[in-house]
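So the chains spell out like this:
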Amino acid sequence: MKPRETVTSSQMAFLAIAFSIGSSIVYIPSPLEQAAGNAAWLSLAASFGFGLLVLSCVLYLNRTHPGQSMVECCRSLLGPAPAAVAAVFLIAMLFFALPAIVAGIGDFQTSIVMKETPDYVFNSFSFLAVVLTVRAGILVMARMFLLLVVVMLLFSFTVILLALPLYRPEYLLPLLPGGMKPLLHGTFIASGFPFGEIALFTMLMPYAANSESAKLNRRLYAAYSATGVTLLLSAVCSTMTFGPAAGEVQFALFRISYEIQIGELFQRMEAIIGIALILGSYMKACLFLFILNRTAVELLRLRDDKALLFPLSFVCLLLSLTMFRNPADFNHQVYVIWPFIVLSTGCTLVFLLSALAWLSRRTRSFPNGRSENAP
Amino acid sequence: MQENFIVASALLVAVLAADGRRLKRLPRKEKWCYAVLGLAGLYMALLFVSQAPWPNLPDLLHAVYGGPAERLTQYLKASG
Amino acid sequence: MTPQAPEADRLSADMHANRRRIEHVFSECFDIQIQPWHYGPDLGHAAVSVYCRSIVNEKDVHTVKQTLQSLVPHELGQAESISPEQIGRYFGQRGVSPQPYRLISTIGEAQNDVLEGYVVLIFDGWDQAISYLVGKFPKRQVTEPVNEPVVHGPREGTIEDLDTNLGMLRQRLKTPRLKMESLTVGDNVSSKVVYVYLAHAVDLDMLAEFRRRLAGIERCDAVSTSYVEQWIEDHTWTPFPQHRYTERTDTAAAALLDGKILVLMENSPTVLICPALFVEFFGTSEDYYVRTSFATLVRWLRILAYFMAASLPSLYIAISTFHPELFPTVLLLAVLDSREGIPFPAFFEAMIMEISFELLREAGIRLPRPVGPAVSIVGALVIGQAAISAKIASPIMVIVVALTGIASFSIPHYDMGIALRIVRFPLMVSAGILGLFGMMIAYLLLFLHLTCLHTLGRPYLSGLAPLKLRDMRDILIRAPLRTLMRSPRNRRLNGGGPAREGAGSR
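Protein chains in written order, with the working numbering: chain A, 1 to 375; chain B, 1001 to 1080; chain C, 2001 to 2506.
Treat the hints as calculated values from the structure; they're not laboratory data. None of the hints are false.
With a cut-off of at most 27 Å between alpha-carbon atoms, the simulated DSS-like pairs for lysine-lysine come out as follows:
no., chain 1, residue 1, chain 2, residue 2
1, A, 306, B, 1031
2, B, 1029, A, 306
3, C, 2192, C, 2174
4, A, 306, B, 1024
5, B, 1077, A, 181
Not the full set, but computed from the structure, chain B residues with beta-carbon under 10 Å of chain A:
no., residue
6, 1015
7, 1034
8, 1038
9, 1043
10, 1048
11, 1057
12, 1060
13, 1062
14, 1064
15, 1068
16, 1070
17, 1073
18, 1075
19, 1076
Anything over 10 Å on all C-beta distances counts as not near chain A; from chain C, calculated:
no., residue
20, 2013
21, 2043
22, 2098
23, 2140
24, 2144
25, 2151
26, 2160
27, 2238
28, 2290
29, 2360
30, 2414
31, 2419
Quick reminder that beta carbons are idealized off the backbone N, C-alpha and C, glycines included.
Between the sequences and the hints, there should be enough to build the whole structure, so can you do that?
Here it is as C-alpha cells:
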C-alpha cells in the first residue's frame, strides 16, 4: 500500500525532533543522574553518538530502499515470514511504549499538579487528542508539529535561561566518581530512551517527498543534533542546579522551573514546563500511534488504513492504566526493560537490515565475486 | 471497582459510537482484525475494572527480555 | 453562438400581439407602465413603450421622440416622413443614437430589460424592439464604511450599486489585467454576480476551483454575497470564516494584488474576498498606512487581543479553581478577598457573566439607534454593579469579562470575532473540568481543527502551519514597505514566480 501524502524534508526534520525529544525533555536526565551521577551528561553524549549511528543506518535503508518502511524492507531483505515476526515484535514494542508515554502524562499530572484527580481522566483525554490527530493524517501532523516543536523548545530554553542564577558549575565535578560502569549504565539507559528509538523512524521514511531526498539527510542529521544538544543542555543544567541530589529529583526541568525566582516577576514558571511536557508527550504519542497503526496495516495487508485506530487507542489506553502497578514498577520497566528492548529489537533490526542491504548491493555489483581492481 | 466499570463502559461506548458507521462498511479482513482488537480491549477492560493480577503485556515482555535486561543492569550497577 | 429562442417567445411584427403578451406577463403589476404612441402621416403608425415606473426616472422617458429624432436631420414634428421599415432598417443595422440601446427579439428579453430599468420600445410592423437604459434608481451615496473606520487612509466604501463598485475598483487598478466575469443568479432575483481577479496575480488552479464551485449557483436566489460564500465554502460547520468581507475599496484592491478573487453582487454592498487565510484576519488596511514600528506594535496588540478574547475567562477559571498556586501571593489574596461570599464556583460565575455580556451585545445591535447606546451603557453599568452587589459575580470576574469584551471588539474582522466568541465557551468548559490540562487539550484539538481546514484548496493555517518564516514579516511584524514591495507575498505578481502553487502549499 503506497502512502499517498508526502511531507517536505523540513517537516520530516521537525517530526524527528518531536519523535526524539518528545517527553524525554522532562524525564531525562533524572534516571541518568541516578545511574551515572555527575557523568550523566557524558553518558548522554555517548548515547547520542550511538543514536547517530542508528540514524545513519535508517537513512542508508531509505537510500537503498526508497519509499519502503521497515516492514517492507524486512519483506524484501529477510522474506515474508521473518518480516511478519519482526513486525509482531515491533508491535509489541509499540504497545509498551505508547501507553508508557501517556501514563507519564497522567503520572505527572496526578503527582505534581492535580493530586485528587484519577489518572484515567488524564489518560483518556490525552488519547482522545492523540487519536483524532493521527486520524487527520501525517500531513496534518507534520504541519502542526512544526509549530508545536518551536513552542516546546522555546519554553524549555526559556526555563533553562531563566535558571542561570541557580547554576553552580562546581557541581559538575568530580566527573567519574564511580568509574566507567556508571557511565556505561547511563549510556545504556539513554541509548534506549530516547536516542535508540530513532530506529522506529524507518516507518515514517516512506512519507518523505522523493523530490527532496538530497536535503533530507542533511536536515535529519541537523534535527537529531538539535535533539542531542537540547537534552545535553538539560542534563548539564540539572547537574549544575541540584548537584549530588539530581538523581533524587523527578522531572528535573520542572523542578528547575519551580526554583526560578527573579524578583517578583519571574516566578511560578512550572506551568510553562508543564505545557512543554504535555506538548512533547502528545507529539511523541501521536507518532508512535501512527507507526503502530502503520505496522499493523502493513503486517496484515489491510486496505483501510484508519480502521484500527480507535481499537488500538482503546487497548493502549487500558494498558496505560494497568501496566504500571506503582512508580517503582514504572521506573523498572521504562529504565531497565525498555532500553534493552529498543537495543535488542529495534536497533538490532535496523543494523541487520542495513548490513543485509549493503551486502545485497555488493553482491549485485559484483555477482562473480570479482574485486573492483581485477583486470 | 464501580467507578472503573463506569469508565471502561463509557470508553467502550465512545469507541463504538465513533466507529459505528465505519464498521459496517469495512472489508471482512478489517472486521476480523477489529474484532480481535476488541477482544483484547475487553480483556484489558476486565483487568482495569477488577485490578486482578492477571497476565498483562509487561509480563510477556518481562518473560522475553526481563532476564537479560536485569542481568545487564545488575552488571552495570555493580561497583567496579 | 447563443441558441435560438423558441418561436413562441419571439416578438412578432404585430405590435398589438406583443402588447397583449407583455400585459399578460406583467399582469397585477401596477408599477409597470405600458404607454402607447402614434407617429407618421396622420399619426397612422403605432408604437408602445414599456417601463417600470418604480425603477426608472420618469423625467428621462422620452425615448420614442429620441428614437425618431435619430432618423431626421431637422426638428421632428409629428414624424410624417418616418415609417416602421425605416426604423427597423436603421436600428436593425445599429444606426447611431445619442443614447446607447440594445436590440431585443424575444418577450423574455423584454421582460428582463423592463425589470432591469430599461425602457422597451415596440414598433408596429417590426419584429424587434429597442431597449434604452435611462436614469438609474437612486442608490446610497459613497461614504466611509461604518464597520471599517480608519484614522489614516481613504474613506471610500462600496454601496449597493454594482456598477459604482466596479468603477471604484477600476479606478484603483488601471490595468487591462483586471478581469471581471459576470453571471446572473436566481430565477426570481435575477441578480448579477461579478467575480474579479487580477490575471498574472491569481493562482490559476485556485481560479479553476472557484469556477467549479460556482457551478449551479445560477439556480440559487441569492440576495447577498454571503450566499455566495456559503455556496463555495470548504467547511460548513466550522465557526471559522474561510473568506473575508470588506466594504473598503483599498482593502479590495490590495486583496486583488495578493492574488485573491473578489465577488461582488448587485444590491449587496459587501465584497467577498476568496480565499482568506487565518493569518489574514490579524491585519487591516490601515497597517500599511502607518509607520512600521507602530503597525508592528498594533499587530502584537491584536494577537494579544485574539488570545484574550478566546482564553481570558477560561484562564481565570483554570487558575482560580485548579491552580491557585500560580497566582503571585498578593494577587491571590486580592482574588480570594473579592470572591468572598460568592455562592457559585468560578466556572458558573464566568458563564453567567459571559452569557449576560453576549445578550447585552446582541441587544445593543437590535435596539433602535436613538435608544441603543444609552441602554447599552446603562445596562452594562447596572448589570455589572448589580451583579457585584447581589454577590452573583465578583469584581475580578467583571473585570475579566469586560477585558474579554474589549479584546473581542478590537478584532478588526467581525466574522473572526464571532468565531472566537463561539470558541470561548468550550474553552471555559474544558478549563472548568480539568484546569490548565483541560485547556491544553482543548487548544490542541482547536489547533488540529484549524490545521485540517482548507479554503479553496489552500491550508487555512498557511504561514503558521506549515510555518514559513518568510511570511512572518507580514504576520508577526509589519515589515517596511520597501521590503514588502521588493519581494511581494504574491510571487506571481509582476511575472515573478510560477502561476501554480508549489511546495509551499503543503
